[in-house]
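> Sequence order for the protein chains is B, G, Y and C. With my numbering applied, the first sequence corresponds to residues 924 to 1085, in that order. With my numbering applied, the second sequence corresponds to residues 924 to 1085, in that order. With my numbering applied, the third sequence corresponds to residues 924 to 1085, in that order. With my numbering applied, the fourth sequence corresponds to residues 924 to 1085, in that order.
I should point out that these hints are in silico values taken from the structure, not numbers from a laboratory. Any given hint might turn out to be false.
Since copy identity is lost for identical chains, a pair holds within one copy or between any two.
Distance condition first, Cα-Cα at most 30 Å in a straight line; then the derived DSS-like pairs of lysine-lysine [said to hold, decoys possible]: (1) LYS967 to LYS1024; (2) LYS961 to LYS1057; (3) LYS1024 to LYS1057; (4) LYS1024 to LYS1052.
4 protein chains.
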Amino acid sequence: MNLLNQFKFYSIVFLLTIVSNSTQAQITNNITHEQALKVVFEAKKKAEASNVLVNIAVVDAGANLKAFIRMDESFLGSIDVAIKKAKTARYFNIATGDLGKLTQPGGIIYNIEVSNNGLITFPGGVPIKNNEGKIIGAIGISGGTIEQDHEIAIIGAEAILE
Amino acid sequence: MNLLNQFKFYSIVFLLTIVSNSTQAQITNNITHEQALKVVFEAKKKAEASNVLVNIAVVDAGANLKAFIRMDESFLGSIDVAIKKAKTARYFNIATGDLGKLTQPGGIIYNIEVSNNGLITFPGGVPIKNNEGKIIGAIGISGGTIEQDHEIAIIGAEAILE
Amino acid sequence: MNLLNQFKFYSIVFLLTIVSNSTQAQITNNITHEQALKVVFEAKKKAEASNVLVNIAVVDAGANLKAFIRMDESFLGSIDVAIKKAKTARYFNIATGDLGKLTQPGGIIYNIEVSNNGLITFPGGVPIKNNEGKIIGAIGISGGTIEQDHEIAIIGAEAILE
Amino acid sequence: MNLLNQFKFYSIVFLLTIVSNSTQAQITNNITHEQALKVVFEAKKKAEASNVLVNIAVVDAGANLKAFIRMDESFLGSIDVAIKKAKTARYFNIATGDLGKLTQPGGIIYNIEVSNNGLITFPGGVPIKNNEGKIIGAIGISGGTIEQDHEIAIIGAEAILE
Chain B
924 MNLLNQFKFY SIVFLLTIVS NSTQAQITNN ITHEQALKVV FEAKKKAEAS NVLVNIAVVD
984 AGANLKAFIR MDESFLGSID VAIKKAKTAR YFNIATGDLG KLTQPGGIIY NIEVSNNGLI
1044 TFPGGVPIKN NEGKIIGAIG ISGGTIEQDH EIAIIGAEAI LE
Chain G
924 MNLLNQFKFY SIVFLLTIVS NSTQAQITNN ITHEQALKVV FEAKKKAEAS NVLVNIAVVD
984 AGANLKAFIR MDESFLGSID VAIKKAKTAR YFNIATGDLG KLTQPGGIIY NIEVSNNGLI
1044 TFPGGVPIKN NEGKIIGAIG ISGGTIEQDH EIAIIGAEAI LE
Chain Y
924 MNLLNQFKFY SIVFLLTIVS NSTQAQITNN ITHEQALKVV FEAKKKAEAS NVLVNIAVVD
984 AGANLKAFIR MDESFLGSID VAIKKAKTAR YFNIATGDLG KLTQPGGIIY NIEVSNNGLI
1044 TFPGGVPIKN NEGKIIGAIG ISGGTIEQDH EIAIIGAEAI LE
Chain C
924 MNLLNQFKFY SIVFLLTIVS NSTQAQITNN ITHEQALKVV FEAKKKAEAS NVLVNIAVVD
984 AGANLKAFIR MDESFLGSID VAIKKAKTAR YFNIATGDLG KLTQPGGIIY NIEVSNNGLI
1044 TFPGGVPIKN NEGKIIGAIG ISGGTIEQDH EIAIIGAEAI LE
């Protein structure tokens, strides 16, 4: 391969890398439905392994519902709680349980729960980040203990990392 | 057949009857999450084949959200429309388009859309029936033309039939 | 000065006083949109100087939204919180943080937050007063710490004073 | 310039173009607050020139409120109408007046207005597109005639084009 051809070859490789990166950046600003399904299924698998019945909600970067599944015999009241946990986690880019530490009586943001059409501030909602650490959505789990819900949410959120 | 063998035989028949009945009751009264996922995926496959971007919602026999998926780049406003179509179809056990014929000005149930926190009465929502014809839930599709939405809903609803 | 002239003189003074007061009253009873924009921009300038991303809401004397701006990358959940802080400050003519001292468990207006479609009672909302000290609206800030939000709100509210 | 150098030069130009485009795409996927303010001010200028009092709302790509201004003496009821027009335009990527043609009695999506917490389907809301034609938000105008509202919305939406 002479110098010109070599240069062309590396140029093309370099170009493809840039194009593919920019495409990826484009894609990864917001969770895709394929990623959302991956999150849901990993969370569901963990819930089944833990023998707990939950509702699983995923919202996108705009806090809009992207995917949802309710396991058989799980609480009816958990549909809304799971969705609100996911939305809360994205509204403030924080695990809902961490937010809840600040909303208690005497806390710095006491009773913020009445805003945004109802927030849920106990554990079970966590932001979903991509490989670059950028928040692209959130997951909310409801149906088990708060410890179980949080653990399942974490497993779900990490399902899209490579 | 001696008495012991006879007893064994009837015991087994009796056991099988109980098991099969309880299984059947389980299956046929309410849509399961595995069935709901089957409905969602068949609907999604049809939407992709038709090159249309939709939101897909499935509610159970109690008209509560069971499964949901929003395809990338589909309308944001279709999240709520798809869920409301599914709920409407189960609230009145009817295809939403058929209900809409009765809600027009001068119609016998004019403006019923304002009830139940908002009904959608144009095509795209249909009840989901099991093999025995019993309604066990409903599906709502939003994002395409009303003809496309209805067609995709039918494909989804029939996914659980054997 | 004879009696008639004296009378004329006082009449004119009296008339001018009435005219000037009524004109002034007209102007100062309610925040104008030009004033609201001034409030928003001073608050934004302060937020940028403090390197904090906030939502800024201004309501008028009737507690109705007058102006709003959301800085890029600020919390989605802060849209509603900022608007509710502004409304709360005008509903009760008080800084939201001061109201919050009374709404804690055991407080004299415990859980008033559930009224008025949701109040926010932690710092970040303050009434806007004109030069005469009359309340003509309110500002709400959300996105930073409660100290930052309150400080930015004060800067904004004082932007219309001369 | 020999062939190799020439090739290098064009390669670099080409690379820079790709990088700059991808960066721009990144930036322009969602309306910025500076763009939103530009939209608001152009709309306000047009309203003043037309001697009409309006409410102006801008939402981002996620249909969340980004900027708002209410002109003095404009209708109080127009606050919510303007915001709902902007949201509706983004929910379905369409001018609200065009949507309204389909929601009339006998229309294919009759009474869709009850969804999404209330849609407004008469003129005054239009999507905001960037230079590449991609929808990055929407504007809603309320206070004048529907013709005036629509015209002002168009002027506002086009303010960010170069």
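> Run every hint past the structure and note whether it holds.
Hint check:
no.	hint	verdict
1	LYS967 to LYS1024	both (27 Å within a copy, 29 Å between copies)
2	LYS961 to LYS1057	both (18 Å within a copy, 28 Å between copies)
3	LYS1024 to LYS1057	within (24 Å within a copy, 37 Å between copies)
4	LYS1024 to LYS1052	within (22 Å within a copy, 35 Å between copies)
Hint check: no violations occur; every hint is consistent with the structure.
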